[in-house]
Amino acid sequence: KQEVTQIPAALSVPEGENLVLNCSFTDSAIYNLQWFRQDPGKGLTSLLLIQSSQREQTSGRLNASLDKSSGRSTLYIAASQPGDSATYLCAAETGANNLFFGTGTRLTVIP
Amino acid sequence: KAGVTQTPRYLIKTRGQQVTLSCSPISGHRSVSWYQQTPGQGLQFLFEYFSETQRNKGNFPGRFSGRQFSNSRSEMNVSTLELGDSALYLCASSLAKGWHEKLFFGSGTQLSVL
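As they're listed, the protein sequences go chains P and U. Residues 374 to 484 in our numbering are what the first sequence spells out, letter by letter. Residues 5 to 118 in our numbering are what the second sequence spells out, letter by letter.
This is chain P alone, in the form it adopts within the complex (with noise of 0.2 Å):
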């Protein structure tokens, strides 16, 4: 069974600065790997979708990297604000929208 793991569990930081969150998955037989966030009290916002095939994929100041082979994929954030604070999601997707999701990072940007 496809295991996800974030780390790490939380993360503060002051604003401005520039910050990576950690994703791994046990089984690389993946068809993409997502990025969420999610507000309290809130459903998910999709933030990048990398398939299988890519390597990353950027959106403003976000960029996601995936790397199969070492069933690891990272969400670097530019020059974090206050607007970014949120809990992070990762999941990957096995088939039609299986998703396997891990436990989250919960970002606090510091103004």
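Treat the hints as calculated values from the structure; they're not laboratory data. Errors might be hidden in some of the hints.
Each computed DMTMM-like pair below joins lysine to aspartate or glutamate, with the alpha-carbon atoms no more than 25 Å apart [said to hold, decoys possible]:
#	chain 1	residue 1	chain 2	residue 2
1	P	Lys374	U	Glu105
2	U	Lys106	U	Glu79
3	P	Lys415	U	Glu79
4	P	Lys374	P	Asp440
5	U	Lys61	P	Asp400
6	U	Lys106	P	Glu376
Simulated coverage check for chain P against chain U, where a stretch passes if three residues somewhere in it have a Cβ under 8 Å from a Cβ of chain U [said to hold, decoys possible]:
#	region
7	412-419
8	473-481
Bear in mind that the values here come from a model prediction, so they are computed numbers and not experimental data. Don't be surprised by glycine CBs; every beta carbon is placed ideally from N, CA and C.
Keeping the supplied structure of chain P fixed, place chain U upon it in accordance with the hints.
For chain U alone, coordinates are given in the frame of chain P:
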């Protein structure tokens, strides 16, 4: 463009009862997936529907069931509720031209079982 709509937003039930949750996907989206989120287990996949057919199912007991209608709206039902069913239930929709697309999530239904 309206997002994914889930109703009701909150529900309180007692053990042994059954409950039905509703999800209206984004217009044009044909795939609807359901997920359970709890503090202990995190987010877990329940099932996915496409064109009224269940294509995939997670590892949940048969008390959890769902269906999709011809307009792509979906419902999930939990029978004989247990305390451990207390959770945030999220649905997500996608175009499903292929399988591997961004998912758009609703705000969820918070179910409390007393």
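Do the hints match the structure? See the list:
| no. | hint | verdict |
| --- | --- | --- |
| 1 | P/Lys374 / U/Glu105 | 22 Å, holds |
| 2 | U/Lys106 / U/Glu79 | 21 Å, holds |
| 3 | P/Lys415 / U/Glu79 | 19 Å, holds |
| 4 | P/Lys374 / P/Asp440 | 19 Å, holds |
| 5 | U/Lys61 / P/Asp400 | 19 Å, holds |
| 6 | U/Lys106 / P/Glu376 | 21 Å, holds |
| 7 | 412-419 | holds (count 6) |
| 8 | 473-481 | holds (count 5) |
Violation of the numbered hints given earlier is absent; every hint is satisfied by the structure.
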